[in-house]
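Visitor: Using the sequences plus the hints, can you model the full thing?
Protein chains: 2
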Amino acid sequence: MCSYHYSKNDSRCSVFGKEVFSDPTILEILEKYKQIWSLGYAIALIQWDMETNMPPDGIEERGAANAQLTVLQHRLLLSPELKTLVQKAKEKDNLTEQEKGIVRVLSREIEREEKLPERLIAELKEVTTKAHEAWLISRERKEAEPFLGYLDRIVALEREMAEKIGYKEHPYDALMDYFEEGFTTKKAKEMFDTIIPALKQSLEYVLSNETFPRCHYLESYRYDVERAKKVNEKILEMMDFPKKRGRLDVSAHPFTINIGHRDVRITTRYEGFDIRRTILSTIHEFGHALYELQVDDALSMTPIGTGVSMGVHESQSRFWENIIGRSRAFSKVIGAMLREEFPELRAYDDEEIYRYVNLVRPSFIRVDADELTYNFHIALRFEIERQLIAGEIKTSDVPELWNNMMEDLLGIKPRNYAEGFLQDIHWSQGSIGYFPSYSLGTVLAAQIKAKMESEVGSLSEIIEKKELGVIRGWLKEKIHKYGATYSPMELLQRSLGESLNPEYYVKYIREKYSK
Amino acid sequence: MCSYHYSKNDSRCSVFGKEVFSDPTILEILEKYKQIWSLGYAIALIQWDMETNMPPDGIEERGAANAQLTVLQHRLLLSPELKTLVQKAKEKDNLTEQEKGIVRVLSREIEREEKLPERLIAELKEVTTKAHEAWLISRERKEAEPFLGYLDRIVALEREMAEKIGYKEHPYDALMDYFEEGFTTKKAKEMFDTIIPALKQSLEYVLSNETFPRCHYLESYRYDVERAKKVNEKILEMMDFPKKRGRLDVSAHPFTINIGHRDVRITTRYEGFDIRRTILSTIHEFGHALYELQVDDALSMTPIGTGVSMGVHESQSRFWENIIGRSRAFSKVIGAMLREEFPELRAYDDEEIYRYVNLVRPSFIRVDADELTYNFHIALRFEIERQLIAGEIKTSDVPELWNNMMEDLLGIKPRNYAEGFLQDIHWSQGSIGYFPSYSLGTVLAAQIKAKMESEVGSLSEIIEKKELGVIRGWLKEKIHKYGATYSPMELLQRSLGESLNPEYYVKYIREKYSK
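Here the protein sequences come in this chain order: A and B.
The working numbering runs 1099 ahead of the 1-based position in the first sequence.
The working numbering runs 1099 ahead of the 1-based position in the second sequence.
Calculated directly from the structure, the hints in this document are not laboratory data.
Note that the coordinates shown come from a computational prediction; the quantities given were computed from them, not determined experimentally.
Possibly wrong hints are sitting among the right ones.
Rough simulated footprint, nothing fancy, chain A against chain B, three-plus residues with beta-carbon under 8 angstroms [said to hold, decoys possible]:
| # | segment |
| --- | --- |
| 1 | 1151 to 1163 |
| 2 | 1341 to 1352 |
| 3 | 1356 to 1363 |
| 4 | 1572 to 1583 |
DSSO-like mimics (lysine-lysine), calculated; alpha carbons at most 30 angstroms apart, straight line [as the list claims (entries may be wrong)]:
| # | chain 1 | residue 1 | chain 2 | residue 2 |
| --- | --- | --- | --- | --- |
| 5 | B | 1263 | B | 1285 |
| 6 | A | 1224 | B | 1133 |
| 7 | A | 1333 | B | 1333 |
| 8 | A | 1343 | B | 1229 |
| 9 | A | 1133 | B | 1131 |
| 10 | A | 1328 | B | 1333 |
| 11 | B | 1182 | B | 1133 |
| 12 | B | 1133 | A | 1214 |
C-beta: ideal position from N, C-alpha, C; glycine also.
Guide: Now the structure itself:
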């Protein structure tokens, strides 16, 4: 039996044990799934290497290899043998929870793939390849075209896709469900309708009362990269990121990747200025990594051996970035490390560091947004995507609609389209329905905080005592260890005792920003 | 058309052009082969990452992924569709040289795989997994057992394998052919019978006349690793190793890996002493890498887009390591770089560096052997392997036979088995028939030198003038660009105008060591 706390020394520790899979059909499925898993393993490593180590001229062959492996994986997933086995398992009524989870995840994937005609997939792939090029050009020139034309085709294809997949209430549901099983337009709308007014109130309060500054001298302090690396390493060490099971590397855009259950890698970036960016990125990615690292060992190499959805994953990264990393208690940790590694910063006390990591400033670019304004950016994208997919607006409306909504929400109007609808890569890749998961994660993080504190006591005190193992242990027991055993909504119900409830987030924001 | 010299700026330069493949059956084969290639691509990246970056606890899952991908690749290679296509292509008489090469390589692989019963493969895999563990224990304890028992089973299985594969004259031929197409026991024996007496003579001369020293102060000089890295980088830059298509990393055992045609990576090691070891390793691996990098672009992602055999590959690494790296002319390059990076070494002039990189000292361990004694180590292994596979000796004879042969050949007797038959990993992995390729490569390197000099003039002068591009260009035109288009022996005949001729090596050794 595994200890309750995240165990550093026993990374093989499995709570469930191997006996969670005993049904002969499930065992056959798992045996077949190993090949699908191994292709995913290879694709993940290829992805990681591409962002960190690949010599630049390797890109073309890498693209070819990646495409071939993906096709191979797709073919194995849709093999008649696997389909028959999954169908057979579906009819059984004596499966364990984990076995049911396997059937749920595979059925979802197979059904979805089967509903989409190959012609549609091929067309979308072709359009997005060109759209990505066009997006780069448009963003560079700050002009709507040539990208806008491609966006129109992408939206048309995504609308067709929604029809093929099917939905109960809103075509956007079909697209969101891919990233967030069971999340609907209605639920997302309710969430934004609850949080946006509260965020507006808090934002007005902060801006008029200057409880948090709009800018800080430390933003322009140019740091030495090698020393910043040491700070990040110390933070990861303090958080108990297991070096035997992971790595920290450098890439242009920070990310986390689960290559295998015992090989989870994160990256960060070093821009040389505004040091909180690299620190908070590292903590954010640590949150993602911890989720993968704490999935039960018995689920490794199975369809449920990874985080359950984008939103729940984002709740973990946001929990560590915002709830822990931007807390007053943790500012002491960051402050002490910064002052130790950069003696020239010793004039900045903990309170100053707290203000620095919690600047509040309405701005155009989502990825640079602070905790308070971040969700406005997502609400805007959700509104536009929802209306596009419903056919309520045309893509040609998007550029100006974006800028006007920005002014409504944050009181600032983009000076050009690069600061507006051209800023994110997602649409050029055909990712529509993904953005709401970011807000869902942020909102869930606060809900998790509330539940956690009701069970283990004040997080501030735990952080002060540097007992982060308590937090990791709670997250493992309540969320991580299950992997994708339960659907996101079922997991919340079981672990938090209720479904998504944005009121916790409203309360968290009010307490932090309006006092 | 491509310029004759290795072109730095035009890495896409293809001499053959895409039209080398026009036969419809071949085009179908190549389309199918892309998936096999992409699995090889993934397996190569996994291998590289395992030696350079993988967190230690990732090993178990990595083994599983690797095994699954290998099975998948094997299955695709033996698919009835591919087999039928290859058979169909085989019957055509209007194929280009490259198309014939594709048929030759695929036929060889398919036929070999088909001849080996799955039971034999599985048994060998099982035994070698355990044998590797046993080998580590034996080497640690310097005791013949438990490894010797496993070696006995491995030899029995390899003998069975030779029978299944078939051979004309000697069962060992069947095993060698896997690594070196067309190389036979008879040819290998002729090679050793020619070079060993000459090497003995030169060794006696050197040892009695002290023309090269046995040891050197610089062997024990402890270097700063970061500065040694700079020396290696400068050497690679001077040799024009293309950073856009490759990397230099660190691993316990130096190696080269072709992940893709435009992503060829080498590694070296930094032990902190005897700095020539890291420099010569880097140059050795550069030789391997250059071969892969200079295969014609049109062959990328095909079965012939890589070096043709172990021996020809080793000829390239040995050419750069021995013929270039250990030459008097190149000692000036190394000397200048060492004195620049390590000012404390400025007392060592070029002649001293030449003597240092060319120490001659009979020793027990193959991988540490100098240029003159290296082939004795291989001759010994060849003799033992040949007799084992022929059933002329028993595995229980090996430990003492090894030690006695060592005394005969080099005049020194191992003090224990770790200095004797337990030193190499190969047998524990079931690699029997591989060693002769090392000597073949060394011997071929001298033959290549002779042919090259007859066409482009003295290598010393070319090196003095730092015109290494001439050497790279010649190697590309004569050897590299063909990849595996021709069998090794056919390639030699075409490019060097004659088949393997060890007399060039004898001449090279006599000129260097007996004057």
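Visitor: Hint by hint, note whether the structure agrees.
Guide: Right, here's what the structure says about each hint:
1. Coverage of the segment 1151 to 1163 of chain B by chain A holds. Counting CB-CB distances below 8 angstroms, 10 residues qualify, and the rule asks for three or more.
2. Proximity of the segment 1341 to 1352 of chain B to chain A, defined as three or more residues with a beta carbon under 8 angstroms from a beta carbon of that chain, is established by the 6 residues found.
3. Coverage of the segment 1356 to 1363 of chain B by chain A holds [criterion: at least 3 residues with CB-CB distance below 8 angstroms; count 5].
4. Figure legend: the segment 1572 to 1583 of chain B, annotated as covered by chain A; annotation inconsistent (0 residues with Cβ-Cβ distances under 8 angstroms, at least 3 required).
5. At roughly 20 angstroms between alpha-carbon atoms, residue 1263 of chain B and residue 1285 of chain B fall within 30 angstroms of each other, so this suggested pair holds.
6. Distance check on the hinted pair: residue 1224 of chain A and residue 1133 of chain B sit about 19 angstroms apart at the alpha-carbon level, within 30 angstroms; holds.
7. With a C-alpha separation of about 34 angstroms, the suggested pairing of residue 1333 of chain A with residue 1333 of chain B is violated against the 30 angstroms cut-off.
8. Annotation: proposed proximity of residue 1343 of chain A to residue 1229 of chain B holds, straight-line Cα distance about 25 angstroms (limit 30 angstroms).
9. Under the criterion of a C-alpha separation no larger than 30 angstroms, the hint pairing residue 1133 of chain A with residue 1131 of chain B is consistent with the structure, at around 23 angstroms.
10. Our distance criterion of 30 angstroms between C-alpha atoms is met by residue 1328 of chain A and residue 1333 of chain B, whose separation comes to about 27 angstroms.
11. Proximity of residue 1182 of chain B to residue 1133 of chain B is assessed by CA-CA distance (about 15 angstroms); at most 30 angstroms being required, the pair is judged to hold.
12. Distance hint between residue 1133 of chain B and residue 1214 of chain A is fulfilled; the C-alpha atoms sit about 27 angstroms from each other, no more than 30 angstroms.
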